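S.K.: For reference, the chains in residue letters:
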Amino acid sequence: QQPVQSPQAVILREGEDAVINCSSSKALYSVHWYRQKHGEAPVFLMILLKGGEQKGHEKISASFNEKKQQSSLYLTASQLSYSGTYFCGTGDKIIFGKGTRLHILP
Amino acid sequence: GAGVSQSPSNKVTEKGKDVELRCDPISGHTALYWYRQSLGQGLEFLIYFQGNSAPDKSGLPSDRFSAERTGGSVSTLTIQRTQQEDSAVYLCASSLAPAGGPYEQYFGPGTRLTVT
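For the record, the sequence lines run as chains A and B. Just so we're aligned, residue 1 is where the first sequence starts under the numbering used here, counting upward by one. Just so we're aligned, residue 1 is where the second sequence starts under the numbering used here, counting upward by one.
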């Protein structure tokens, strides 16, 4: 079952914050987050394995609410390098959501 | 060390022809995945290999698509009688173990397939 991501697209000015949500109709045991820049392969950001687990990667962090079957990715004080499409993935065979396009303006 | 490699990087074929796409995973990675990404779209799951278990083929869009993994390493995705809607970037990824565990996927650079 494909997870649902929201919003579909975000435009920010450098330094602003963003939240990307990922939800599933099925029970979640893990959530993966990846970022893909235009013309490149997706790159791993983080995996969340337990309900309530939070992780951070530079100024990018994520939370996982197992009960609500959702995860959120937080980008604080965004930088130009954060532009790209963000995907969440769930399940053993990793089914990805449709992605959230993030564009950072200088 | 070497990452995931895919060949060819680009393939242009005529409608109706068969194509083979190759993926060399990272050595020691037991899990291997194929995805398809159409222009501007998301990552569509195709097939998943894990060790010696039977592959999960639930994402293959039609019986024209097949994949095999020889010796638990190299994988080949074959598309028979290609159609224009098969045009996309085909991405391969590998990981140390099933993705339900704490293991990240490493993606190859992809093969861009164009069917004319």
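The set of hints was computed from the structure by calculation and includes no laboratory data. Take the hints with a grain of salt, since some may be wrong.
To be verified - Here are some chain B residues pointing at chain A (derived, C-beta under 10 Å): (1) Tyr33; (2) Ile47; (3) Ser95.
Keep in mind that this is a model prediction, so the values were computed, not measured. For every residue, glycine included, the Cβ atom is placed at its ideal position computed from N, Cα and C.
S.K.: Do the numbers back the hint for Ile47(B), that is, is its least Cβ distance to chain A under 10 Å?
M.R.: Holds, about 9 Å.
S.K.: Would the hint on Ser95(B) stand, with a C-beta cut-off of 10 Å toward chain A?
M.R.: 9 Å, holds
S.K.: With chain A as the partner, please determine if Tyr33(B) meets the hint condition of a C-beta pair closer than 10 Å.
M.R.: 6 Å, holds
Violated hints: none; the structure is consistent with every hint.
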